[in-house]
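Using the hints, position chains Y and C against chain H.
Protein chains in written order, with numbering that gives the first Met the number 0: chain H, 0 to 303; chain Y, 0 to 530; chain C, 0 to 303.
What the hints contain is simulated information worked out from the structure, not anything from laboratory work.
Note that the Cβ used here is the ideal one computed from N, Cα and C, for glycine as well.
Take the hints with a grain of salt, since some may be wrong.
Listed below are the simulated DSS-like cross-link pairs for lysine-lysine, each with C-alpha atoms no more than 25 Å apart in a straight line [unchecked claim]:
1. Y:K293 x Y:K196
2. Y:K221 x C:K144
3. Y:K63 x H:K143
4. H:K112 x C:K1
Residues of chain C clear of chain Y, computed beta-carbon distances all greater than 12 Å [what the hints assert, rightly or not]:
5. L4
6. R9
7. K10
8. R43
9. I64
10. V85
11. V112
12. M143
13. D152
14. V153
15. R161
16. A195
17. I209
18. V293
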Amino acid sequence: MMDGDASKVRKRKPTIDIISFNIIGRIMLSVFSFVCILPFWMIMVGSITSEGYITAHGYNIIPVEFSTESFRYIMNDATGILRAYGVTTLVTVTGTFFGVFINAMAAYVLQRKDFKYRNFFSFYFFFTTLFSGGLVPWYILCVKYLNFKDRIYALILPGLVSVWNMLIIKGFLGGIPDAVSESAHIDGANDFRIFIQIIIPLAKPVIATISLFTALNYWNDWYNSMLFINNEKLFMLQFYLYKLIGSAQGLQIAADKAGVVIDRPPIQSTKMAMTLIVIGPIIFLYPFVQKYFVKGITIGAIKG
Amino acid sequence: MRKSFKSVSSVLLAMVLLLTFIAGCGQNNAPSANNQPSAQSSSGQASSGTSKDQDAVDVSKPVKLTMLFVGDKVADQDMVYAEVNKLAQEDLNCTVTVKNLSWADYQQQYPLVLASGEQLDLVYVGEWLNYFDHARKGAFHEITMEDIEKYMPVTYKEQDKASFEQAMVDGKLYMIPNYQFEYNVYRLVGVRMDLAKKYGITEIKTIEDLEKYCEVIAQNEKEMFAIAHEGSGGNDNFAVFFRQPNQIHMVGGGYTVFGIKYVNGKFDYENLINVYNTPEFVEYAKMMRRWAQKGFWSKNAASGQGKINDLFVAGKSAVDVWHIGGVAQDIEKALIDHPEWEMDIIDLTPEAFKTVNKFTNNGVAVSINTVDFGRSLMLLEKFKNDQRYFDLTCVGIEGKHYIDLGPNKFRPGPDANNFPIYGTSMWGWMSEKFRRVSETEPKKMREYINSWIPNVVYPETDNFIFDDTNVKSEYAAVSNVIKTYNTIFDLGMMDDVEGALAEMQDKLKKAGFDKVEAEFRKQYSDFIKSR
Amino acid sequence: MKGILKELRRKKVLFLMLTPAFIHVLIFSYLPMAGTVLAFKQFRYNLGIFKSPWVGFSNFRFFFISGDALHVTVNTLLYNLAFIIVNNFLEISFAIILSELNGRVFKKITQSVMFLPYFISWVIAGVIVYSFFNYEFGVFNGIMKSLGLPPVDVYNSANWWRVLLVFFSAWKNVGYGTIIYLSAIMGIEHEMFDAAEIDGANLYQRIRHIMLPCLVPTMMILLLLAVGNIFRGDFGLFYQLVGTNPLVYDATDIIDTYVFRSLMTSSDIGMAAAAGLYQSVMCFVTILVVNKIVKSVQRDYALF
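Next comes chain H alone, as it looks inside the complex (with noise of 0.2 Å):
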């Protein structure tokens, strides 16, 4: 049997499996980026177009009218957003951290064959994605019993813990041997450090990327400030820019009301620029993510 080791590069034969293969995978692969990209572009154009061009004539595949009035728009208030982008960056930053290490470590747990109760908990902890009490009861416990206004933590709690989240990993680690963790038991280790000096390393994948999407959630956020927070220091960066593009409004509406002629901001195309600014930071910072995804894009094996 060949040796396992996946840092030899290995050499294939191009057989008509593998070229056939190939062929389809690259035709769908291309199609749906295609796809994917499109509107994307579109949204590019978009905040770089006019606005008056914009609401006569809607969105563009080729840019027309040129013009940078909408980053021009949220430029102005550049340090707001840099304060936007280092309040959401601490908050995805540590959300994140603890709210994987939360959520990794009750899902060790829940697929630990001799827990006895890990159907019991597992349901308590899957009911609540059936079931809630809605927006309001949440929001007046929030707002009036845990004291959530204008607070940091108000953006850093509620999103510690996801039963989503928990129970892919819970299903990634069930493919762990038990014997892996018995033979540990053996050695004398409790179940805290086996979790962390043994199981972490093993489930990196599953690790990676729930740490992904918790800290794209976290990144994305702006429900919680809305809801919690007056003070424009403590905005996160898409509600920041929400926000702005709201008082843009705000000011169409006021003017409208009085008769007051005043220029007009650029409001869709600065909606588009809005997007791109949110994304930026994710598209430079993926690449470097990538790698524990994509399989052959990294030398070396994950699994050791």
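Just chains Y and C now, with coordinates in the frame of chain H:
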């Protein structure tokens, strides 16, 4: 991953909801003839003779109030309210913090904030914000006429009691309505006359004239629509081409199907009609269908998210439909970029009656969770009747946001964009007394309004709001049906108009319309009898 | 009771590891669940949730009274089924392709691009799609006309929407979901794969007999999690993309949009809560049944 239970409404869903709101609000107008801008003493005290002096109210305890606004915070809001608080601290030993709800999600946030039990004192309210519904469900503190007399003496003296009657729920008052005279229920059209001339049309006076004009546009101008409705813009069709020509006034608020006719100079209160059952409506629906087929607006108008006003200004619509202020504004905007266009404002139904907006369109209520009921009202009194407070909250800081050109006049200042005039929610205490009119206001607008003022009528049914408590479920289901078919008829989306009407009747019946109608008629006749 | 105390003592560390997630869920999910009673109450602001009067099932009536309840429920169910099937099929296919394809750069780029739609909100997507598909001036019909073909009225066509809704759900979610399957593939032991290759299995056979079976556990988890939400729709997708077009409601109306429109005039908290409870109960019953079926076939795949 999904946030399963989070908001049903998306961010920026406001675009659609906003259109509804904007359609219902409107432009200011020239102050009516018998206004006196008066200088107020700092305590807003009426002259002696009233038994309850505001001076007698104890303000020794400092109070921090919270005020709820609908609309995002504008750039200089904090700056302006810091100035307001300086005055309020001196006059009333209180300060106020403003809480803003974003346009993006106010529909869901507003009831949420009311329900949360957090401290709120002054709350911006309006009929369009479901004031009546929230009041019935106990969200607001009752305000008696004695309260107004005690805490808001100038308002008590000067504001017409009729405005309070409009805001009453089961005989009790829960808000202080604004006191401005807006004429924006009425819809007019703005027309590109340069295009009319191009095709040999010299004048447009009637709906038939407009149709001929639009036909010509639709056939020859392929880069624009004749009437570029999008989204909920079809509402305006209902106003201009059905309600106004047939002199019908809608009754009851919400998605109502009931109205009364204006015949021989008065309202026919005794005959409440279901407008969808009238032959006039069938004619209207057929006309809209005809127009849709002729391509006056997009086939996909119902799904679009733009606004006809923006499209008109951008040159994609030959016709604009809105209230007088809106149309006048749009024309001004368009002329800035395209001075070569010739525009005209046309009232297609000059003999139709003109009404004043309900005072309950904007107002302020006091939340049930207030920390100081009296102080809240007193602060509101300042906003309404003390020129310093009014100017600050409505127009901004003198020299910065506006230039004072004398009583009731102004010019936008250098930082006008940071605190837009009449920006957000201060419409709640708007009044004609101190309202400042911009020198850039379109002249035509004032001409029209001045011509209407002598003949304005006051339908008494504006005081009647349907209470759906007993038929809550049916009313929700019925509203859904009405909303659906409104879009179909207003935008001419179905060929077989009679068939669609029959369908609608059928669906209404299933939704329990008979029960709603019975309840509605009962409440209405009680109202008419008690007049 | 005695049993759980015994287990608590023996597996102390495991219980401790479970505690953070347990408490979080208790506070943020179970406490607000008490608010479910709102569905049975006439909420009054001055009385709060617990003192407001009971009204039995009357809050549910508005949904059932018109006779449309069954129709929109079935729509919700069918669309979700379509989404589950199509999305998972694409995700698995792309994951396999991405793991076995030659061409590092191509894979890196397409995998990143596939992820982009996740960042585009439905509001923005709706605007772009309208620019693309509207009858008179859309890009799509522009292309049709230049090819000499008659323009298509996409927005008013129920059949187009049935396809487009599935298409756009895939567009938004597949990039995200593919990552989960990718990390599952990462976990497959290389030795098995290489051994099969030596034994003469071609690529397709390796995929079919090794990869796919190894992906089944992940598939099952995602499937069950999706079934737990099968009566809840993606509101943004259905509302922002389709718009309020009554002509296609038959085909595009789901529970969420129908309820939203019904409650627009009366912001009745109780009725909204009732609609949510209806969806929760339907999901609950479904997942109980499905989980039981899965459990009877293969114990390990069940969620609880």
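Checked hints:
In summary, the hint linking K293 of chain Y to K196 of chain Y is supported, as the alpha carbons are separated by about 21 Å, within the 25 Å threshold. Restraint check: the Cα-Cα separation between K221 of chain Y and K144 of chain C comes to about 14 Å, which is no more than 25 Å; the hinted pair holds. With a C-alpha separation of about 18 Å, the suggested pairing of K63 of chain Y with K143 of chain H holds against the 25 Å cut-off. Of the supplied pair hints, the one linking K112 of chain H and K1 of chain C holds, its CA atoms being roughly 20 Å apart against a limit of 25 Å.
No Cβ of chain Y comes within 12 Å of the Cβ of L4 of chain C; the nearest lies about 35 Å off, and the non-interface call holds. Listed as outside the interface, R9 of chain C is consistent with that label: its C-beta sits roughly 35 Å from the nearest C-beta of chain Y, beyond the 12 Å cut-off. Chain Y leaves K10 of chain C outside its interface by the beta-carbon criterion, the shortest separation being 30 Å against a cut-off of 12 Å. For R43 of chain C, the requirement that its beta carbon stay farther than 12 Å from each beta carbon of chain Y is not met, with the minimum near 4 Å.
With 12 Å as the threshold on Cβ separation, the claim that I64 of chain C sits away from chain Y is violated: the shortest Cβ distance comes to roughly 5 Å. For V85 of chain C, the condition that its CB be more than 12 Å from all CB atoms of chain Y holds, with the nearest at approximately 17 Å. For V112 of chain C, the non-interface assignment is confirmed: its Cβ lies about 20 Å from the closest Cβ of chain Y, beyond the 12 Å cut-off. For M143 of chain C, the requirement that its beta carbon stay farther than 12 Å from each beta carbon of chain Y is met, with the minimum near 14 Å.
Chain Y draws D152 of chain C into its interface by the beta-carbon criterion, the shortest separation being 6 Å against a cut-off of 12 Å. With a least beta-carbon separation of about 8 Å from chain Y, V153 of chain C fails to lie farther than 12 Å from that chain, contradicting its non-interface assignment. Residue-level check passed: R161 of chain C sits 16 Å from the nearest beta carbon of chain Y, beyond 12 Å. No beta-carbon of chain Y comes within 12 Å of the beta-carbon of A195 of chain C; the shortest separation is about 34 Å.
With a least beta-carbon separation of about 29 Å from chain Y, I209 of chain C lies farther than 12 Å from that chain, consistent with its non-interface assignment. At roughly 21 Å from the closest C-beta of chain Y, the C-beta of V293 of chain C stays outside 12 Å, upholding its exclusion from the interface.
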